[in-house]
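> Residue numbers (the working numbering), protein chains in the order written: chain A, 31 to 253; chain B, 158 to 531.
For the record, the hints were derived by calculation from the structure and aren't laboratory data.
Incorrect hints may have been included.
Sample of chain B residues lacking proximity to chain A, with all beta carbon distances greater than 10 Å (derived) [to be verified]: (1) Glu297; (2) Thr355; (3) Gly436.
When the alpha-carbon atoms are kept at most 25 Å apart in a straight line, the in silico PhoX-like pairs for lysine-lysine are as follows [said to hold, decoys possible]: (4) Lys153(A) - Lys164(B); (5) Lys412(B) - Lys395(B); (6) Lys395(B) - Lys381(B); (7) Lys152(A) - Lys164(B); (8) Lys291(B) - Lys328(B); (9) Lys46(A) - Lys64(A); (10) Lys145(A) - Lys164(B); (11) Lys343(B) - Lys140(A); (12) Lys211(B) - Lys381(B); (13) Lys64(A) - Lys35(A); (14) Lys35(A) - Lys166(A); (15) Lys328(B) - Lys343(B); (16) Lys412(B) - Lys391(B); (17) Lys166(A) - Lys164(B); (18) Lys395(B) - Lys211(B).
We put the CB at the ideal spot given by N, CA and C, even for glycine.
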Amino acid sequence: MEFLKADNLTFSYRNKYQTVHAVKQVSCSFERGKAYAIVGKSGSGKTTLLSLLAGLELPNSGAVVFQDVPTGKMNRDRYRRDHAAVIYQNYNLFPLLTAEENVLYSMNLKGIRGKTARLRAKKELEAVGIGPEQFKRFPTQLSGGEQQRVAIARALAAGNELILADEPTGNLDITNGDQVVSILLRLAHEENRCVIIVTHDLEIAAQADEILMMKDGVLERDA
Amino acid sequence: MDGMLLKRMLRRPWMLLVSFAVSGTLCLLLCLLIGYRDRQQAHLDEIRNSYEIKAVVTDLRGTKSDNLGLSRRYTDFLLDTENGIGAYVRDLCLTKTFMELSGSGYAAVVGVSDERCMDATDRRIGGDWFSEVKDFYNSEEMICLVPSSDYSRHAGQEITLLLQDGYAMDKDRIETYTFRVVGWFKGGAHAVYIPYRTSQTIAAHLAEAPSTDKASFTVKDNAKLDEMLEIAYKRFRKVDPSRTDYDFALTVYDKQYRATIASMEQNLRRTSLLLPLIGLLGLGAGFLLGLLGTRGEVRIYALMRTLGMNGFGLFCSVMIEQLFAPLLAAAVIGFIFKRPLPTLIFFGCHLVGCALAVLRPVSVSPTRLLREQE
Numbered sequence: 031m032e033f034l035k036a037d038n039l040t041f042s043y044r045n046k047y048q049t050v051h052a053v054k055q056v057s058c059s060f061e062r063g064k065a066y067a068i069v070g071k072s073g074s075g076k077t078t079l080l081s082l083l084a085g086l087e088l089p090n091s092g093a094v095v096f097q098d099v100p101t102g103k104m105n106r107d108r109y110r111r112d113h114a115a116v117i118y119q120n121y122n123l124f125p126l127l128t129a130e131e132n133v134l135y136s137m138n139l140k141g142i143r144g145k146t147a148r149l150r151a152k153k154e155l156e157a158v159g160i161g162p163e164q165f166k167r168f169p170t171q172l173s174g175g176e177q178q179r180v181a182i183a184r185a186l187a188a189g190n191e192l193i194l195a196d197e198p199t200g201n202l203d204i205t206n207g208d209q210v211v212s213i214l215l216r217l218a219h220e221e222n223r224c225v226i227i228v229t230h231d232l233e234i235a236a237q238a239d240e241i242l243m244m245k246d247g248v249l250e251r252d253a
Numbered sequence: 158m159d160g161m162l163l164k165r166m167l168r169r170p171w172m173l174l175v176s177f178a179v180s181g182t183l184c185l186l187l188c189l190l191i192g193y194r195d196r197q198q199a200h201l202d203e204i205r206n207s208y209e210i211k212a213v214v215t216d217l218r219g220t221k222s223d224n225l226g227l228s229r230r231y232t233d234f235l236l237d238t239e240n241g242i243g244a245y246v247r248d249l250c251l252t253k254t255f256m257e258l259s260g261s262g263y264a265a266v267v268g269v270s271d272e273r274c275m276d277a278t279d280r281r282i283g284g285d286w287f288s289e290v291k292d293f294y295n296s297e298e299m300i301c302l303v304p305s306s307d308y309s310r311h312a313g314q315e316i317t318l319l320l321q322d323g324y325a326m327d328k329d330r331i332e333t334y335t336f337r338v339v340g341w342f343k344g345g346a347h348a349v350y351i352p353y354r355t356s357q358t359i360a361a362h363l364a365e366a367p368s369t370d371k372a373s374f375t376v377k378d379n380a381k382l383d384e385m386l387e388i389a390y391k392r393f394r395k396v397d398p399s400r401t402d403y404d405f406a407l408t409v410y411d412k413q414y415r416a417t418i419a420s421m422e423q424n425l426r427r428t429s430l431l432l433p434l435i436g437l438l439g440l441g442a443g444f445l446l447g448l449l450g451t452r453g454e455v456r457i458y459a460l461m462r463t464l465g466m467n468g469f470g471l472f473c474s475v476m477i478e479q480l481f482a483p484l485l486a487a488a489v490i491g492f493i494f495k496r497p498l499p500t501l502i503f504f505g506c507h508l509v510g511c512a513l514a515v516l517r518p519v520s521v522s523p524t525r526l527l528r529e530q531e
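All chains should be modelled from the sequences, with the hints used to inform the complete structure.
Here it is as structure tokens:
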């Protein structure tokens, strides 16, 4: 059973002026325990591919198959809640919730509440280097690196096996960026998750187990 | 309620306060308006119930209400509860006067059907009377009331009087009748009062066809005034100053009553028209507060969707967030004014307005965050 597979994916959408063929007949597969990097220039279709893999969009043709079930045939809200977590360049934390509450939120959606949820949030926050003194801080009181680590903790706490990160270091300095990348790699290698990182930074891509090159919506695999 | 939702709400206190204040104010306005309308309605009902509409039988031109010589055809119609208007009238006053010719000092013998028929016996305007016979006015006995100044002289005795009916065909017919003095009436009017029914028996004897000089009554139920008039005008005519023929009209003093009621009903209608307006305002306020509350929150909703919340769940969550303060305001106002239904209706309008405003932002595509990043 393959963990995640993109099977001949094609996706186009219409903007104000034209139809954009963002992804063209892309096929690839992903395994647990590995980190993948999708690289390419702006507009090459890498973020669109990520949104298809995350179940945020449905392909025009082809299928995203998660553990042998096409995402088109499953409840995609549940797929995102239970299996696929997305990490963004600009962190996207809830501004009115503290760091700890942001992590608790994704667990609450899964029905995990109370003391169990709080202990798990604490564990995941500490695992990404957020100390207890920062738990009660709001996102605006945290640095960019800390916010991104809280976003990762949120993805981890929900227990999702598939982590999809879109330019996770895009807004971070080198030190913080390296820390975030090493956390993501650790998730793949030590926690047996499948991590897919969209980046245009080739140094980050080089640290992944596999690199997928996107060019004009077409995938060019580079071992 | 979801703990996170509550925290998010409490951390936007201004939004809560604005929602509470706007909804509370409108709800308060609604309750005050309903209270005002109810008071108007109660006042209207009170006027309807307490206003005394008098009606008098007159000649056709409306110039004379005494010495009418009404035949039984008319008086029976006033008394008949099935074919006449008996069921619609109260305090019916029928009087019949005979001339007294014996030289007793009394000028007339008057048959009266109610104490309100004569000022001297009408206690509402300072009159007074006494009778040792119960239900004097409905009696058919040969009994009478004399002026209070004469009562001590006649008490328990009988007086004999020589009577003539002015409406008798035979103007020379004069008869002697004896009455037992059973009471008195206030004042020194030179008359003797006898029960109306007794007077009709005497009139039948003196003039073959008994008649009545004067008839008036009060409308029993003002709400049925028009119903009563419809029946009454089958027998009586309306006053017509141009007519000179011999017939009788019914003059109903309802002009002031109708003007008062019309004015009050118009006010009531105006107030009632404002009520749906408040509902519309509630809807509008719900819409505006919904827009205000969700402004700048679209990215948050997209994030919630990305984390796996379904569209309906998001809609419900946002609605709870938006409606918490208005619901609280409506509950408080509804409780204070004891008006659960109007506040519930107001809240329903508010909810619809809010739902209309919220639908668009919560329909956000979960891909929005990724697209923004691109």
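> Taking the hints in turn, state whether each one holds.
Status of the hints after comparison with the structure:
no.	hint	verdict
1	Glu297	holds, 91 Å
2	Thr355	holds, 93 Å
3	Gly436	holds, 33 Å
4	Lys153(A) - Lys164(B)	holds, 22 Å
5	Lys412(B) - Lys395(B)	holds, 14 Å
6	Lys395(B) - Lys381(B)	holds, 18 Å
7	Lys152(A) - Lys164(B)	holds, 19 Å
8	Lys291(B) - Lys328(B)	violated, 35 Å
9	Lys46(A) - Lys64(A)	violated, 38 Å
10	Lys145(A) - Lys164(B)	holds, 18 Å
11	Lys343(B) - Lys140(A)	violated, 94 Å
12	Lys211(B) - Lys381(B)	holds, 14 Å
13	Lys64(A) - Lys35(A)	holds, 14 Å
14	Lys35(A) - Lys166(A)	violated, 39 Å
15	Lys328(B) - Lys343(B)	violated, 32 Å
16	Lys412(B) - Lys391(B)	holds, 21 Å
17	Lys166(A) - Lys164(B)	holds, 13 Å
18	Lys395(B) - Lys211(B)	holds, 15 Å
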